[in-house]
Every structure is written in C-alpha cells, then in structure tokens.
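Each chain sits in its own coordinate frame; assemble them with the hints.
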Amino acid sequence: MPLAFVCRLAAGLLAAALCAGASDSWLLHVPDSYRRKVNPYAGQPDAIAAGGRLFSDHCAQCHQPDALGKGKRPSLRTSYVQSAKDGELFWLLRNGILAHGMPSWSMLPEPSRWQIIAYVKSLGPSDGSARQGENSR
Amino acid sequence: MEEPGNLEISNKNTAASPKFGNPFGSATVEFEFGTTAWWTTEFYLSGQTTGNDSTVFNGFRVENRFRPLLHEHWINPVLYVEYENLNEADRSILEVTGHDGVQDYIVPNRIQRPEIERALETKLILSSNVRGWNISENFIAEKDLNESDPAEFGYAIGISRPLALAASPRACTFCRENFAAGVEIYGGLGDTNGFGWRATSQYVGPIIAFSVPRGPTIAFSPNVGLNDNSLGVLYRFSVTYEVQQIFGHLHR
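Residue numbers (this note's numbering), protein chains in the order written: chain A, 1 to 137; chain B, 1001 to 1252.
Chain B on its own, in the form it takes in the complex (with noise of 0.2 Å):
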C-alpha cells in the first residue's frame, strides 16, 4: 500500500526471447497514488516492441487495493480490483493468468493489435513480516468481459528481505540495509474448465532491489520458465521513484 498523499512513479520492464519467436521488451508506466492509508488507486500504461516486428501501444489499467482488516495481523489481507482494456500484443507479463503461454507471445503484432482485451482481474493479496522477511502471497482471478470465455486463474508467492535490518548511524549510499533480496514464483492456475497446473507456465527466480538514498529503487529480476509452456528466461527490470506528499509539492 502506498502511503496517503504521496505518488510513485514506476517503470516497470520485461524483456524475454521466445524459443520460435522474435525477441520483444514490453515497458509499463504506473502510477500508484496513496488515497488513504487503507486504499491505494493505480494507472498503468504499457506498450511493447518486438524484434524484426514493430513497437505499438498496448493499452491501460485501472486499479484500487484495499486494505479491510484496519490493524496488523500475522496475515495482512488487501483486496486488489483491476480493469484492463488491452490489447492481445500486450508482452508486461505482470502477472499470468489461465493457460497463458510462449505460444501467445510469437504471434505478429498486426495480429494481435487489433484484437483488444477487456478485462476485470480480482486479487486476493496476502502478506506477512516476520523478522525482517516480507511474505506475499497473491491469488489472482480474470474474467475477460467481452465474450463468455471461462474465468482464469493464476498465483504469485514471494519473500524478501533487507539485506540488513538495522538502518546505519551515517548516510550512505551502497549500506546493506538500501539493498533487498528474495525469491518470487508465479504462474497460471488453469481457468474454469480445467483448474491446475495443465498447460500453464510457470516462473521462479531471485529478485535484488537497490534503494538509491532520497532515490529511485531499482529491482531486477531474471525468471526462469519451469516448462515448456514458459518462456525460458524472462528478464524483469523496474525503477520506482516516489514523491511524497504531491499534493503539498503542487500547493509550494
């Protein structure tokens, strides 16, 4: 949850080469604006360029998360509610869904562009902290509001860590406590007519976030494909600045 009034602005990045297809980068711009202390709002924009293919503009998303349990618990719930309006050349990769797959990332993008996806995505987040640890676990279900495709499902489990827990006396720049690690797995969980893990793909790999002091945040992520549905490394880099306080800078 972002904290109220303050905005942060991150740049979030995939960039893979499928097996039988041309290699694409895909940015996302989002927006995450703190409107209370219980309900953060978001405002995605991504596009994407594909190798020997072309660059387009793939569409945007509009989340609201909230947070229903006012003090803290072991488990942390915050209910997650997004609309996407896509487009099929979407390559963000921000979460999978369903039977999502390499297949549908070798497709031409004069193909995919004109078909638009509009989507309802509920998130079930749940996170913990336990002695320095982040603990998150996300359940995901898309309904695509178009047609009467059956719902898809997907996961995400993810743990991390400040390299150290204790902030020190004198400013510096590479201190451990200003870098994170962990481990991250997601994946698709099938939809309505087949729930599992049956022609889904499937991601794990290690993350490392860099926080520049009065800075951005810089993380990457390299994931690796768990089956043969997956893309075989999938490459995820993000940089994240925070203003706090906006509307105070607005008002100076």
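Next comes chain A alone, as it looks inside the complex (with noise of 0.2 Å):
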C-alpha cells in the first residue's frame, strides 16, 4: 500500500513536472518585474572579464567557449539572446528552463550571474544569428 502510494505520488509528481515545462518561449513567463531590473555591472570591462571567467567555468561546458552553442544547446549570440533585456537574462539564470535541460543558477550570487550576462551581451551577435535564434526558441 505504501509503495503504491509511492509510484503513483512519482508519477503524478512526473507528470506534473513534464506538463508545466512543455512551454518553449520562455520569455513569455519574465514578469514585469524582471523586466524592469538594470544590470549593475553593464558594460563595465572588470565585470565583463570576470563575467567571462564564470561563463567557462559554468557555460561554456554547453554552450561552448564562443557561446555560440552545439547540437540542442542553444547559441548565446543569436538575434533573440542578444536583444533580450538584461533584466530578462537574470530571470533565466535564476529560474533556468528544467524540462529543457537549463538548470537554475540560483545558487549563484546575484552579482555573479549580472557578471556573467554582461559578459554573454558583450560577445555581440554572430553571423547566422536569425536561423540559430528561431532554433533556440
């Protein structure tokens, strides 16, 4: 009985999960409030360096060193990413997209993770930028 009760909690839990994450744009669920947050550390070299430093040591095992992605893992320079607002960024990196394979980096000091999209909006766009964009969504 207890074991049953188990399973089916699991794979309520499961499905529940699987569900709630089915959406793929995930600017749609930033709330006005991110929206609205300034980068503290926007384009101040020191940060876009240290920034860089936190990317290769947490992004660039998926995103690659030039952030511009491999296979499933999204391209961080495409047209979409870039013009995003920062505000946006953060509310990414805190909340991740875990059905689609992009943990939380909540764990992160806020500083660092304004550090990092810094770092990621100083790359700039790369050519193909539009094509990759439409796959990242």
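Simulated from the structure, these hints should not be mistaken for lab results.
None of these values were measured; they are calculated from a predicted model.
Glycine included, each C-beta is placed from N, C-alpha and C at the ideal position.
Hints may contain errors.
Taking CB as the label site, the calculated pair distances span [as the list claims (entries may be wrong)]:
hint: 1; chain 1: A; residue 1: Lys70; chain 2: B; residue 2: Pro1077; range: 31 to 37 Å
hint: 2; chain 1: A; residue 1: Lys72; chain 2: B; residue 2: Arg1110; range: 51 to 57 Å
hint: 3; chain 1: B; residue 1: Asp1228; chain 2: A; residue 2: Pro31; range: 48 to 54 Å
hint: 4; chain 1: A; residue 1: Arg35; chain 2: B; residue 2: Ile1208; range: 36 to 42 Å
hint: 5; chain 1: B; residue 1: Ala1171; chain 2: A; residue 2: Pro31; range: 54 to 60 Å
hint: 6; chain 1: A; residue 1: Lys72; chain 2: B; residue 2: His1071; range: 17 to 23 Å
hint: 7; chain 1: A; residue 1: Arg35; chain 2: B; residue 2: Gly1194; range: 51 to 57 Å
hint: 8; chain 1: B; residue 1: Asn1085; chain 2: A; residue 2: Asp66; range: 26 to 32 Å
hint: 9; chain 1: A; residue 1: Ala60; chain 2: B; residue 2: Phe1174; range: 22 to 28 Å
hint: 10; chain 1: B; residue 1: Val1243; chain 2: A; residue 2: Arg36; range: 38 to 44 Å
hint: 11; chain 1: B; residue 1: Ile1185; chain 2: A; residue 2: Ser122; range: 40 to 46 Å
hint: 12; chain 1: B; residue 1: Leu1069; chain 2: A; residue 2: Ala60; range: 40 to 46 Å
hint: 13; chain 1: A; residue 1: His29; chain 2: B; residue 2: Asp1144; range: 42 to 48 Å
hint: 14; chain 1: A; residue 1: Lys72; chain 2: B; residue 2: Gly1194; range: 38 to 44 Å
In structure tokens form, the structure reads like this:
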C-alpha cells in the first residue's frame, strides 16, 4: 500500500513537471518586475572579464567557449538572446528551463549572475544568428 | 542538484574518537550524475577502519533526487529517495536518524559487520538563496525494510555563503569568491514510537569550503556533539571533483 502510493505520487509529480515545462518560449514567462531590472555591471570591463571567467566555469560546457552553442544547446549570440533585456536573462539564469535541460543558477550569487550577463551581452550577435535564434526558441 | 550531463565524484570522510571506544575513520565515495536539470541520481560506496579493530567495507547506497517545481521560489523543495544496503558497522554518519548515538560506534566490527540493514530513506530538502546566502533544511524519514522496526526521523539545517559575491576579473586561486563558510546543525528526531529529542544525538559545527579554480572543492567541518548521546567531536572532510559533460569526454 505505501509503495503503491509512493509510485503514484512519483508518477503524478513527473507528469506535472513535464506539463509545466512544456512551454517553448521562456520570454513569455518573465514577470515585468524582472524586465525592469537593470544590470549594475553592464558595460564595465572588469565585470565583463569576471563574467567571462564565470562563463568559462559554468556555461561553456554546454554553450561552448564561443557561446555559439552546439547541437541542442542553443547559441547565446543569436539576435533572440542578444536583444533580450538584461533583466530577462537574469530571470532565465535564476529559473533555468528545467524541462529543456537548462539548470537554475540561483545558487550563484546575484552579482555573479549579472557579471555573466554583462559578458554574454559583450559578445554581440554572430553571423547567421537569425536562423540559430529560431532554433533556440 | 547536479547540472545535466555532469558527473561529480566526491570522497566524504568522517573521523571521531568515541569516549569509551576506539577511534574510527570512514570513507564514502559518491558518484553524482545530473540525469536532467530536475533529476539527479547518485551511487555511494562506504567503508571504515577502526583503531585496534579492523577495516571493513560497509555497503552501498543508491539515491535519486527530484525537483518538482520547475521555477525558482523563495523555498525550493527537492524530493530525495534512497535505498541503503549497509552493515551495522557503517560509520559514515552522512546523516543522523532515530536514536543513533555513540553506543552504535563502540561495538566491535566483527559483531556489527554480519548485520545487514536494508533501508529506504526519504528526505524533503528545502533550500533558499537569499542575498548570497544558501539556506537548506532537510527532513529525513528512514524505514528499515528487513524488520518491523519503527520509521526513524532526523533533520539537518545548514546556512552558508561565499566570502565574496562577485567574481574577480583576473584568475586567482585564493580569491575570496573561492571560499565559502557556514554553519550546520543536524541530529535525530526519534521514531514513530517516540518522536522528539529524547535519546537522540545532535551536532553543530562550522563548515569551510575552498573551490580550487578548475579543480576540486575541499570542505572541512568539525562538528561538536550537543548531548551525552553524541560523539564528542566529529570531523568531516570532503574532496569533490566535477567532470563536466562526462559523455562528451567519452566520445572524444
């Protein structure tokens, strides 16, 4: 009886998790309060350098050292990402997109997350970004 | 939770010297794999050596943890389910449940080793990240699958913070952001026959962690027993190394 209950509970949670993560466009989920947030480190050379180190430690494993992505791991240099507001990217780093493999980075302190965003934005869009942008949505 | 595709290998060591028993040291090797962004699976192997006694292999644990809520909240729950197959000589003390206490660690290995405990352990892990502080509360329930023993309960609460919240622009080994410090308190909460603090062991202690850039994370925590049922001082030391995108390495 307890084992059957545990199995049903696990199956229910799994189904709920998969349904909750079914949405493709993460930008639609960003609250206005996050869109209005301003990156305190935007454009600062030291913060960009620090963000580059953090990116190398935590992000490059999936998004590649040049942030162009590979396979199912999306490029961060698409117009879609590069034109997103800093606050929107901050929301993405905090929440992740768990159903699609992007983990939450809420354990990283907020200043470190802003530094990563400053670095990613400093890279700018790359050639062919429109097509990659469509794929990453 | 482990990032998907990453394998974290950890060596967790525990050492103590019970007042009326022999000093012991325990080593647990933990393999933690990020199956998905919301599911982490782990496998543990444990052994121990006791002074004036012997060195024995204790057994294994298999564990899965799930994050049921896909967005970040003030409090983020993680559900943890573990199967343990360990003999009674286990000294890893990864957590304390029921009425675990110093009396369990003074029995000779030859008596405890043949006694195998197969148990199901569940945890509700609640964690929060606030202004650089990580706060974690674990509520533990464990049931021995062999016997009609009552279910046992325990808890662990920890808080820690990096010494610097922003990273340095230049690579450095001993930068403040590579260090974290905190406090943890944990202990038993009795069992279904007697829930509460009576005849349980309780520990509290600081924890200091150092992350070597592109290398392992080393953590040390001396824990002080808070009552007569606890070990006087319990030393915990761990070395953790993360292999990023393990299958990518294998395919190269």
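To see whether the hints hold, each was checked on the structure:
1. Checked against the hint of 31 to 37 Å, the C-beta distance between Lys70/A and Pro1077/B comes to roughly 33 Å, which is consistent with it.
2. The beta-carbon spacing between Lys72/A and Arg1110/B, approximately 54 Å, falls within the hinted interval of 51 to 57 Å.
3. Evaluation of the 48 to 54 Å hint for Asp1228/B and Pro31/A yields a pass: the beta carbon distance comes to about 52 Å.
4. About 39 Å separates the C-beta atoms of Arg35/A and Ile1208/B, a value consistent with the hinted range of 36 to 42 Å.
5. A beta carbon spacing of about 36 Å between Ala1171/B and Pro31/A contradicts the range 54 to 60 Å that was offered as a hint.
6. A hinted range of 17 to 23 Å holds for the C-beta pair Lys72/A and His1071/B, which are about 21 Å apart.
7. For the hinted restraint 51 to 57 Å between Arg35/A and Gly1194/B, the CB-CB distance of approximately 53 Å keeps it satisfied.
8. Remark: the range hint 26 to 32 Å for Asn1085/B to Asp66/A is contradicted by a beta-carbon distance near 46 Å.
9. Separated by about 23 Å at the C-beta atoms, Ala60/A and Phe1174/B satisfy the suggested range of 22 to 28 Å.
10. In this structure, Val1243/B and Arg36/A meet the distance hint of 38 to 44 Å, their C-beta atoms being roughly 39 Å apart.
11. About 43 Å separates the C-beta atoms of Ile1185/B and Ser122/A, a value consistent with the hinted range of 40 to 46 Å.
12. For the pair Leu1069/B and Ala60/A, the supplied restraint of 40 to 46 Å is violated, since their beta-carbon distance comes to about 28 Å.
13. For His29/A and Asp1144/B, the Cβ-Cβ distance of about 44 Å falls inside the hinted range of 42 to 48 Å, so the restraint holds.
14. Against the hinted window of 38 to 44 Å, the Cβ-Cβ separation of Lys72/A and Gly1194/B comes to about 52 Å, which falls outside the hint.
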